[in-house]
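Each protein sequence line maps, in turn, to chains A and B.
First residue of the first sequence: 27, per the working numbering; consecutive thereafter.
First residue of the second sequence: 359, per the working numbering; consecutive thereafter.
Among the clues, some could well be false.
[Said to hold, decoys possible] With a straight-line Cα cutoff of 25 Å, these simulated BS3-like cross-link-like pairs (lysine-lysine) come out:
no.	chain 1	residue 1	chain 2	residue 2
1	B	K422	B	K372
2	B	K424	B	K457
3	A	K137	B	K424
4	B	K372	B	K413
5	B	K372	B	K399
6	B	K399	A	K29
I should point out that these hints are in silico values taken from the structure, not numbers from a laboratory.
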Amino acid sequence: DAKTTQPPSMDCAEGRAANLPCNHSTISGNEYVYWYRQIHSQGPQYIIHGLKNNETNEMASLIITEDRKSSTLILPHATLRDTAVYYCIVRSTNNAGNMLTFGGGTRLMVKP
Amino acid sequence: GAVVSQHPSWVICKSGTSVKIECRSLDFQATTMFWYRQFPKQSLMLMATSNEGSKATYEQGVEKDKFLINHASLTLSTLTVTSAHPEDSSFYICSAREKGYNEQFFGPGTRLTVL
């Protein structure tokens, strides 16, 4: 599976949009982009995933560039409870084990 | 839906003892379960992949005789840390994947402290 690059940390003001970037320049055509987050001392929580098109759900929006080499996770109105480590993961549909390979993630700090 | 539980949530044990951690899928049948380990301020590292009814597949560097994995039913997998030592102290997290789906759902984790 393709590797991803994320900034190690970001700050965001409460109530503002949090935009978390992810670079996956070596992504191939059959690889999805997944986002998970991990609040301190808890298991990871699935947020959203996409292949080519932008996606939106009740938690966040995922914007994938046309060349698919990067993506941005958007939390439209960040709250203090969104403080967590956010992981961007690229996974092939052919991944026989369907395992997830976690990188370093981005530690998002939402400040009042 | 798609809830995964782990028991216990935390455990403290003496060096040399064995500890069993349970991972259960509460509302779906998990054909595959994964076990991860996370040291402080580090990312999750996959230890092994467990398919129901078959032997687990361990990642390189993970001792299969030390970390015993049993996936005897579609809703339960167990990880036993045998002869635990202080360096095994970590946050152990399982995830489960339902048959026919790609998404994994994670348990809340078990914090193991070996004295």
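Structure-based check of each hint:
1. Of the supplied pair hints, the one linking K422 of chain B and K372 of chain B holds, its CA atoms being roughly 21 Å apart against a limit of 25 Å.
2. Note on K424 of chain B and K457 of chain B: the hinted pairing is violated, with a Cα-Cα distance of about 28 Å set against a maximum of 25 Å.
3. Only pairs whose Cα atoms come within 25 Å are accepted, and K137 of chain A paired with K424 of chain B is rejected, the gap being roughly 43 Å.
4. For the hint linking K372 of chain B to K413 of chain B, the alpha-carbon distance of about 28 Å lies beyond 25 Å, and the restraint is violated.
5. Annotation: proposed proximity of K372 of chain B to K399 of chain B holds, straight-line Cα distance about 24 Å (limit 25 Å).
6. Taking the CA atoms of K399 of chain B and K29 of chain A, the gap is about 20 Å. The hint holds against a cut of 25 Å.
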